[in-house]
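**Q** Turn these sequences into a full structure, and let the hints guide you.
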Amino acid sequence: MAETSIPLSTKEHDKGRWQRFRESDFFYAFKRSPVAIVSFAVVALLVLAAVFAPLIAPTNPFDPASLNLMNGFTPPMEPNAFTQESFLMGTDDQGRDVFSTILYGMRISLFVGISAVLFAMVLGIVLGLVSGYFGGWTETIIMRIADVQLTFPSILVAMLIFGVAKGFTPVEYRDQMAIWVLILAIGLSDWVQFARVVRGATLVEKSKDYVAAARLIGRSPWAIMIRHILPNAMSPVLVIATISLALAIIAEATLSFLGVGAPPTQPSLGTLIRIGQGFLFSGEWWILFFPACTLLGLALSVNLLGDWLRDALNPRLR
Amino acid sequence: MTTPVLSIRNLSVEIPTRGGVVKPVDGVSYDIAKGEILGVVGESGAGKSMAGNAVIGLLNPPAHISAGEIWLNGTRIDPLQGEAMRRLRGKEIGMIFQDPLTSLNPLLTIGDQLAETILTHLPVSRSEAEKRAVAALEEVGIPGAAERIDSYPHEFSGGMRQRVVIALALCAEPSLVIADEPTTALDVSVQAQIIALLKRLCRERGTAVMLITHDMGVIAETADRVAVMYAGRLAELGDVRDVLTAPQHPYTHGLMASTPLASLGQRRLHQIPGSMPRLTQMPDGCAFHPRCPQAQDKCRQAPSPDLADGRASCWFPMMAEAAE
Amino acid sequence: MLAFIIRRIGQSILVLLIVGLVAFSMFRFVGDPIDNMLGQERTIEDVERLRTQLGLDQPFPVQYYRFLEGAAQGNFGVSYRQGRPVSEILLERAPATLELAAVSGMLAIVFGIALGVFTAIRRNGATANIIMATSLIGVSLPTFLIGILLIYLFSVELGWLPSFGRGETVQIGESWTTGFLTISGLKALILPSITLGLYQMTLIMRLVRSEMLEVLRQDYIRFARARGLTDRVVNFRHALKNTMVPVVTVIGLQLGAIIAFAIITETVFQWPGVGLLFINAIQFVDIPVMAAYLMLISVMFVGINLIVDILYVFIDPRLRVDRTGAH
Amino acid sequence: MPKLTYAVALSVAVSSPVMAAEFQWAGKTDPQTMDPHAVSSAPVLGFLNNVYDGLVRMSKDMEVEPSLAESWEPIGAGEGWRFTLRQGVTFHDGATFDADDVLFSYERASDESSDVRSWFSPVTEVKVVDDYTVEFYTNAPNPLFPASIANWMMMDRGWAEANNATRPDKESGNFATLNVNGTGAFKLEDRQPGLSTTLVPNESWWDNAEHNITKATFTPIQNPATAVAALLSGDVDFVEPVPIQDAARLEADPNINVIRGIETRTIMLGFAHEADTLKYGASAGQPNPFQDVRVREAVAKAINVDAILRTIWRGSAEPASQLVTPALSGFSEVNAARPAFDIEGAKALLAEAGYADGFGFGLKCPNDRYPNDEAVCQAITAMLAQVGIQVELDAMPVSNYWPELRADNFDMYLLGWSPGGSLDHEHPLRFLASTPNEEKRLGSWNFGGYSNARLDEALPSILSEIDPDKRQALIDEVTGIYQDEVAYVPLYVQPLVWGTRSNIQLTQRPDNFFMLRWVTVN
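As they're listed, the protein sequences go chains Y, R, L and C. Take the first sequence: its position 8, counted from the start at 1, is 6 in the numbering used here, and no numbers get skipped. Take the second sequence: its position 252, counted from the start at 1, is 819 in the numbering used here, and no numbers get skipped. Take the third sequence: its position 120, counted from the start at 1, is 122 in the numbering used here, and no numbers get skipped. Take the fourth sequence: its position 468, counted from the start at 1, is 601 in the numbering used here, and no numbers get skipped.
Please note: incorrect hints may appear among the correct ones.
Said to hold, decoys possible - Which residues of chain Y face chain L? A partial, calculated answer using Cβ under 7 angstroms:
id : residue
1  : LEU154
2  : THR252
3  : PHE255
4  : ALA297
Claimed, not checked - Here are the simulated lysine-lysine pairs, DSBU-like style, with alpha carbons at most 35 angstroms apart:
id : chain 1 : residue 1 : chain 2 : residue 2
5  : L       : LYS243    : Y       : LYS204
6  : R       : LYS698    : L       : LYS243
7  : R       : LYS658    : R       : LYS766
8  : C       : LYS348    : L       : LYS189
9  : C       : LYS161    : C       : LYS348
10 : R       : LYS658    : R       : LYS698
11 : R       : LYS590    : Y       : LYS29
Stated by the list, open to error - Covered stretches of chain R (in silico footprint by chain L; criterion: 3 or more residues with CB under 8 angstroms from a CB of chain L, positions within the stretch not fixed):
id : segment
12 : 648 to 659
13 : 681 to 691
14 : 735 to 747
Don't read these hints as lab results, they were simulated from the structure. All of these numbers come straight from a predicted model, not from anything done at the bench. Heads up, the beta-carbon is just placed ideally off N, CA and C, and yes, glycines get one too.
**A** Below is the structure:
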């Protein structure tokens, strides 16, 4: 329709990858969008803070020996009445430094979120490729399962998986298990979107000549799928992954609120909020406020970034 | 001399992009008289559709008219905005798009779509509108129009759908129809029927037609006059016979040579070397000079001359004898 | 069409069986009801007697079979905790959840679609951008937190709205209680339904916006504009209707999600519905109640999906003739 | 008999007749049943005390006082007890209360299907002497018997028979599960399990009504934050319990009164005394250090109870030295000291026992059973880490917790104990300190299998000794034993925190029973 085709990427191979990226429209659009820059900066900052938590955090809240209960309920930036110690964001009921706990909690939240999304992504991509490429009853079965999965709200799926997994895990592993079950539960409730998009792209690409040609010269189906078909589906997958990450972080928080999430000795952001909400009316607002703001900041930035990505890559998303 | 239905004067369209402002339409002027069919030809990206969209006021932002004037039946319409422009669309200017499969709303019956258009523009009752809808369908040759009025678009074949689209474009009896590649998406066997239909209807009603196409064959069969566009500029403008038989612009010449026209008795097809420049990377001088076999120094330095001085916008137009 | 519906129903029954199995197997792990039922002074014989009485000494497949057998006849057994038939309890609690879900669903759908359309039409407007940004806050905060904050603001600080419960209810007929007919009942509905509906509203709004933007790019919209149709007709008659096709599916799924997420809202607001019942049942390992709740919820999901599928056929004429199973 | 040091009794000002009013209250748990013999749990018995009466009842300061029995006396030299019934008492439906109803209530409450029949395990026979005299014979002298049946509530034989509810049925329920016909100060008007329960005053109650309530509605609210919000916004007049962290905020509100007291529940740590190896944590599979009394003592010394009480409990709880609180009878004054917080001492003891480098083990903890249970366990984890013991904390809902403990899946665990029934030191001795013996129904909650021959030997004498001084001497002796052996580490006595709107006056009884008849709405 529009006759002016504005090139999407300059295909000048003599330039380095970074150079090409810097000159791409994608990067140009990024530079032009203050929302994208700010949200990217926030996400990057929070992720770095989480990764380097052991270096940044003044205390290690997961090391029980370092805690002093007498520090409990210290307000932010005020010396504790008994120990005279002072904390940037105050302390919680156990005398843990809220700032450090947030940094460490974010590690768990991000780890769970990212792992769950990766898991959902891999599962969704594989099933989407397989069902789109092979078709037939494989496709029927996979897409029927996807339908069923969609009818069941993620939170119930997660609770069911949690309940079942808990029964199968020996008691002594339950603490470690909790996090993996969270990943499994959130991932399992999230793969369908990936599978659908990838399947759609596969169906489109499969009918193209170069795929037929690749088939004729005897390339293995997996090689075709991964080398040729998958790259065409990557931009919508990227967008879905971003938005799923925000959802996964929230889902983790909600499950932790319902008591089926990360244990309080190794709290995630969600667990911190669950603990903190008990102190909302009692005046210790900082135990809830700071983790909630961090969660909001994280999820909001990831969401904004996903939103912007969706517009920038403009994939036809359902 | 009567006022032309459409008169475009020095029309330019600009799009600001990160690489600077580009001009997909650059100083184009032409008229279309009542009952006349003007063929607009050119490669993809030559600015033909953009000009059409500018006329009907449907440029996609940030594209906008940067200079020039558009006159419709003696009224200047390019400054019109919103509601005033909307009243013209459908009523004074009808438009036909390329793909009949996507031009119709799949969820509404064609009767609904016809009736709503009629009701929008004409002061008639609902039942009258429905009657006229049936009549419009009959006119475009839909068999059993009265029954099919309640059908949905997906129940029609491609050719039938394009007939419906034509009925929709013409149902409020506009004085100008812009047909943007109306046959490109259709089967070859159907193309001729649709062109014939369009031609017949417009002749009967005296509707002026801007027929945008890249198909010289269609132009040859249908158009009274032809406008050749290249890189946003008008390359050549003249009566269809003259232009086709004795092109003056080397581009038109190349275009003719590359078109299999049985009527012109060509022996073999030519190809114009190279491709049209990107709008962001327009060469200095005449935009066609890098591909032009006759290009001289002047062509590389000065922009091609305005069309007002002749039929072709070329410093060294090819005269009849130069043609093969 | 009929074959399609029959196939859908067949699938639904399969879903129900699977849900039943998963749900039932989960209950083995949530704890042991015996300790909750017997007091401090329990003896071994008490435990054994009760175990036999509840059928908990049977092997798992037998327990599941018995459960299915009963469920097929609408008999979900007797609540361990309340000592009353589970079906009776569920019927008693269902109106509260259904009314809450209905109001939240309406809020979500009406505001979601309206705001979605608005932000799509005014795509670059300041108001639309503010709405979009605000909506992201809605999906970036967990529901329970929103509920608690609403209570804090509107009940505790301002004192405008009740902090918990359904207010006064009126009995209608045999088994329905409604909060719609009293002032206090209506006031009590406000905060929970906002809490429950907000997330779904945001989802619907964002979906409607992106679908609508997609539709607005379509040729038939350009053609409609080229025909001189007014913006209102183009946006609402042409664009919105096409936008609704994919949106209806998602709305159906979201209605299911609303009923599931009611668990959280009902916990926060002490809303006397089936979600609260379920959470209490988990706490007290009231297996018959848990099983019945999950089956009930699954039946609702499946029902909603069936309705959505049929609705789909009504909205999209293309499906009436050449309907194939795949989406 | 029972001493009252901590019970808080807000006196009710009955100066002038106050306006009658409706009353709304909320609690964490809905009573499971309206049947007073079907479930022996505090929420049920506490609630039903408003609609049913027993032969005796507890006064505001936990003294046994006459209720449906006007008086009672021992038979002979401790063969049993004779109760003289109050005359002219009627049930809510108008039927007269007499000795036959007592006999019926005995039959009903001591039936196999009853949850409270253990109250009657010492009873060998019940004799109706005349319409208003009943005799209870016991297998041994039983000085505590009248107090132990304070929660045994009287039902009408005619009503139960007419409604097919002659035996409690806790599994599938019967008419008495949802309906009430008692002699109590209030009648049941409406009952919607889990939602609300409405009571109205019994106009023909035998006692003088102190309250001015015209209608009272109870709503269970699980989420403590919601309950606090409801109280703050005035949606309810009374909430129990108030989360300890919200007490200060509520106290600051002029519209709200906070009533604090000390409950009868002692929170303690228990050990796996019998297990040969540790089951959890870093040292799983290695010999069980808790078999060494020095290690147990080190644990007791390493825990800074003061810090727990000051922060988590915000100064509202009292440290505990033994299995019962000072408010209860049988409290051992001579053993009232608890081990001091002493990190160095704890380390020295561990080194002496051969654990200078510490060890790792698993601590089980409920997370929804006692207020702040999980927070306390976390704090303990941190404190033990400071003497080199690595704790792997496993917190779980109570529905999973008891089965885990019964399956011996623990190295150490948290337990709260409130002596239901007798409200005497003998109760935890019987359940927690005695060597487990299924036949004699002893030690049934002694999960760790603590065992001491002298304690076992002394227990029967404590149960039957009528002379208070001799009895106390025996209790002092065994208390010393279990303290020296650190059978348990008593931590603190759980506080009771109630919240009311400031126009409400009521009385908080240390057993956490809320008596509607002591409420005045101003």
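**Q** Of all the hints given earlier, name the ones this structure violates by number, lowest first.
**A** Checked against the structure, no hint fails, so every one of them is satisfied.
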